[in-house]
Every structure is written in C-alpha cells, then in structure tokens.
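Heads up: the protein sequence lines correspond to chains A and B, in order.
The first sequence begins at 1 in my numbering and counts up one residue at a time.
The second sequence begins at 1001 in my numbering and counts up one residue at a time.
Read the hints as simulated data drawn from the structure, not as lab findings.
One thing to keep in mind: the hints can contain errors.
Said to hold, decoys possible - To be clear about the criterion: a stretch of chain B counts as covered by chain A if any three or more of its residues have a C-beta under 8 Å from a C-beta of chain A, and this derived list gives those stretches:
1) 1050 to 1062
2) 1065 to 1074
3) 1088 to 1096
4) 1103 to 1114
5) 1120 to 1132
6) 1140 to 1152
Unchecked claim - Simulated crosslink set (DSS-like; lysine-lysine; CA at most 30 Å straight-line):
7) A/Lys136 x B/Lys1046
8) A/Lys125 x B/Lys1046
9) A/Lys46 x B/Lys1046
10) B/Lys1125 x A/Lys125
11) B/Lys1046 x B/Lys1125
12) A/Lys136 x B/Lys1136
13) A/Lys46 x B/Lys1136
Ideal placement from N, C-alpha and C gives every residue a C-beta, glycine not left out.
There are 2 protein chains.
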Amino acid sequence: MNPTITAFELSPDRGRGLARDMRVRWALEEAGQRYDVRLLSFSAMKEPAHRARHPFGQIPTYEDGDLALFESGAIVLHIAESHAGLLPPDPVARARAISWMFAALNTVEPPILDLQTVLFLERDKSWFEERRAMVKDAIRRRLAELSGHLRDADWLDGGFSAGDLLMVSVLLRVRAAGILDEYPNLAAYVARGEARPAYQRAFAAQLAVFTAASGG
Amino acid sequence: MNPTITAFELSPDRGRGLARDMRVRWALEEAGQRYDVRLLSFSAMKEPAHRARHPFGQIPTYEDGDLALFESGAIVLHIAESHAGLLPPDPVARARAISWMFAALNTVEPPILDLQTVLFLERDKSWFEERRAMVKDAIRRRLAELSGHLRDADWLDGGFSAGDLLMVSVLLRVRAAGILDEYPNLAAYVARGEARPAYQRAFAAQLAVFTAASGG
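Looking at chain A on its own, in the form it has when it is part of the complex (with noise of 0.2 Å):
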C-alpha cells in the first residue's frame, strides 16, 4: 500500500506548484516513495470527513496505514525521517536542516503569507498600494538575511536537505511580486531546486491534475 496524500481538485494557482501538496509530493519524490493522491473540492475540504483528518480543513493530509498527519511541514519531516536523502545522518547536521525547516515556515512564509493576503483581500482597499509596500519591505528584510547567509553556496547547510525543500517552495511563491529577483543568489539557489528531477516529477503531477480538472 502506498500513502495517499490530498490536494486541491482545481488548485487556486492554476498548477504553478504553489499550493502545499507540492512540498509533499516533492519529499516522496526525493525519497523515491510512490504515493496515491485523493483530490476534494473546496466544499469536501471544510466536510467533517476531511475535518477529521485535518482540523483545519486544508490540504495536504498524508495517511499511511495507521498513521493520519496533517501540515506540510510535518508531513515532510516524517517522510524525511522514514526514508534517505532528506535528513543528513549526522545528528548535529540533522538538528541543523530541520532548523532550517522551521526557519522556512515560521520565519521566511509569515511575511510572505501576508503578501498575499494583500493581493487577493485588500486590492480594492484604499491602503493596497501602501500596505503592499510595507509588506514587500518586510520580505525585503528576511530575504536579504537569508542572501547573506548563503553567499554562494548551493544549499542553506551542507548537501540539499528538507530544509531546503521548504525554503525553496516558500521562496517559489514570493517570485511573482519580483522580489526573489533582487537577490541574484536565492534566485539561482530556487532554480537549482526546481531543476532537481523530483521537483520536476512533482511539478508535472500537480500539473496534470490542474490541465485534467479544467478541460485544458
């Protein structure tokens, strides 16, 4: 039995490998670990069905036999734990990628996030273009820390890692507003992530189901 994963029926990003489950389905690619996907609609993701499997009726889920996970970070580290090739053997080097994992999601998405929400809520708003500003600022400021921290190495820490894996998908969301741009390093560090062949084999999979979906 493979584990089954679920992702958006019609994926608000129109298949740009933005949405979550391709953070996942980029770590089973990494880990050369088959895996079935189930696709809910925007109404079965807030039923009490998936309510059960996530709290917060989002996606990815990620269920295994007896073993039913939710939020993406998570399910990467326990891909990452249960397979080679994420998470170096090393324990200090280990400790030190999934520093890196939590950097991505707690200290680089939060003001990426808040881009977002700029762009899709507050368009009309007599703020938007003051307030994106201030938030485009603000991922200014993470992204010149993290530029500076990785110079010209190829990975955040040693070999290519989970950490990574989140710090490039975090940063692939962010390119669009022109930002990642700006520092020529990330940009070409988020090139060398999306020129591995899992990420590629990913990007194709939540693509054709987006091409599928709408006809196209």
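Take the given structure of chain A and dock chain B to it, following the hints.
For chain B alone, coordinates are given in the frame of chain A:
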C-alpha cells in the same frame, strides 16, 4: 556542561512570557534539563557574532557542545527528541504531536503575528481600525477550528506534548487582544498550560531577567 540559550536582555513584552525564549525555557523545564542563559541587547543580536548563530539575528538560539540551533520550534523539537516527556513514545502518536507543533507555528501563529504588525506598525495609519478588525476575524476563523477540534479534551491529541507547548505559547500572544476569551475551552486550555509547574518555573526565570534589567 548545560546547554546555553540566548534571550533578550530587555524583553519588549516586559517579561510577560511572550518572547520566544519562553518556549524553549518551558521545554527545558518539562524535560528537567538545567540550562544557562546568555542575554543579548537588540544591537548585539544584529552583530556578526550572533548572526553566525542565528542567520536572522533573533533569539532564542541553543548551543550544546558541537550543536548550535536556531528557531524555537526546532529547538523545542530537539529537546523533545532527546528527553522524555514532550513526545509520546508510540511512533503514530509522536508524528501526530509533531503535526500539532507545525500547526501552531505555520497555521495558527501567522495571523497572530499579523495582528502584532497591525498593533505595532500600523496604529497611526488611516486603515488601522479596519485592518485590525480584518485580522482579528482571520484569527477567529483559526481559533474556531481549533476550539472545534479540542472540544472538552485537556490537550490536543492525548497527553500533553510539545504540540500543546507550542500551541499554548502561540495562543498566549492573542490573549491581550481579548479574542482568546471568546473561546472558553481554548482559554481553559491555555490556563491548563500555564498551571504546569514547568511553565511557572520558566515564566519566573524570564520575568526575573526583565525585573533585574529594568531595576524593578
């Protein structure tokens, strides 16, 4: 040798236990692990010596021999993995507890951080009242879902875990805004966390730093 953590020399919350070193102190107290504290001024946090420990120039960090970690979530997870009492031994229950750690930091905390942005950076803006109401409603949506999951249970998923430790810590940040009390079972849940002897020792330790530094 005890591990060493870093904390604010003069906490912006005036010792109310909302700074992120509190999460690590609480975890160390639950684990029965003694620790040393190195206090940092705001300017020292941004200097190269601290940046080498924390790429984003924040607190807390955690040093134990060869190991140097940052991000409170990662530090709490490391403590939980290397001591008894914060993660259940059963693998399925352990992975569930870790899901709740990520839910606290990546699903519940982002809108709460956004409210802090409104309160600290947008109070003089024309949009302050309207934005504050919008962000409070975004927090309420998360808290309603969390309240619906918790019902009348003591903790989120079986016994107290690192997931509860982080969730209680995140919820404490919104209590002053009056939103927590709209969900009586969540208010009682937070109070159960605060009543734990380990929480109280950690709270007293971080308050003592502020009291000493402010001459109070």
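Outcome of the hint check:
1. Residue count for the segment 1050 to 1062 of chain B with a Cβ under 8 Å from a Cβ of chain A: 5. That meets the three needed, and the coverage hint holds.
2. Closer than 8 Å: that is the beta-carbon criterion, and the segment 1065 to 1074 of chain B has 9 residues meeting it against chain A, so the requirement of 3 holds.
3. Counting residues of the segment 1088 to 1096 of chain B whose C-beta sits closer than 8 Å to any C-beta of chain A gives 4, which meets the bar of three, so the coverage hint holds.
4. Remark: the segment 1103 to 1114 of chain B is confirmed as covered by chain A, as 8 of its residues place a Cβ nearer than 8 Å to a Cβ of that chain, reaching the required three.
5. Residue count for the segment 1120 to 1132 of chain B with a Cβ under 8 Å from a Cβ of chain A: 6. That meets the three needed, and the coverage hint holds.
6. Closer than 8 Å: that is the beta-carbon criterion, and the segment 1140 to 1152 of chain B has 5 residues meeting it against chain A, so the requirement of 3 holds.
7. With a CA separation close to 21 Å, the supplied pair A/Lys136 and B/Lys1046 stays within the 30 Å bound.
8. Distance check on the hinted pair: A/Lys125 and B/Lys1046 sit about 35 Å apart at the alpha-carbon level, beyond 30 Å; violated.
9. Annotation: proposed proximity of A/Lys46 to B/Lys1046 is violated, straight-line Cα distance about 43 Å (limit 30 Å).
10. Between B/Lys1125 and A/Lys125, the direct Cα distance comes to roughly 13 Å. Compliance with the 30 Å bound is thereby established for this hinted pair.
11. At most 30 Å may separate the alpha-carbon atoms for a hinted pair to count; B/Lys1046 and B/Lys1125 meet this at roughly 28 Å.
12. A C-alpha spacing of about 22 Å is found between A/Lys136 and B/Lys1136, which places the hinted pair at or below 30 Å, so the restraint holds.
13. The straight-line distance between the Cα atoms of A/Lys46 and B/Lys1136 is roughly 21 Å, inside the 30 Å bound, and the hint therefore holds.
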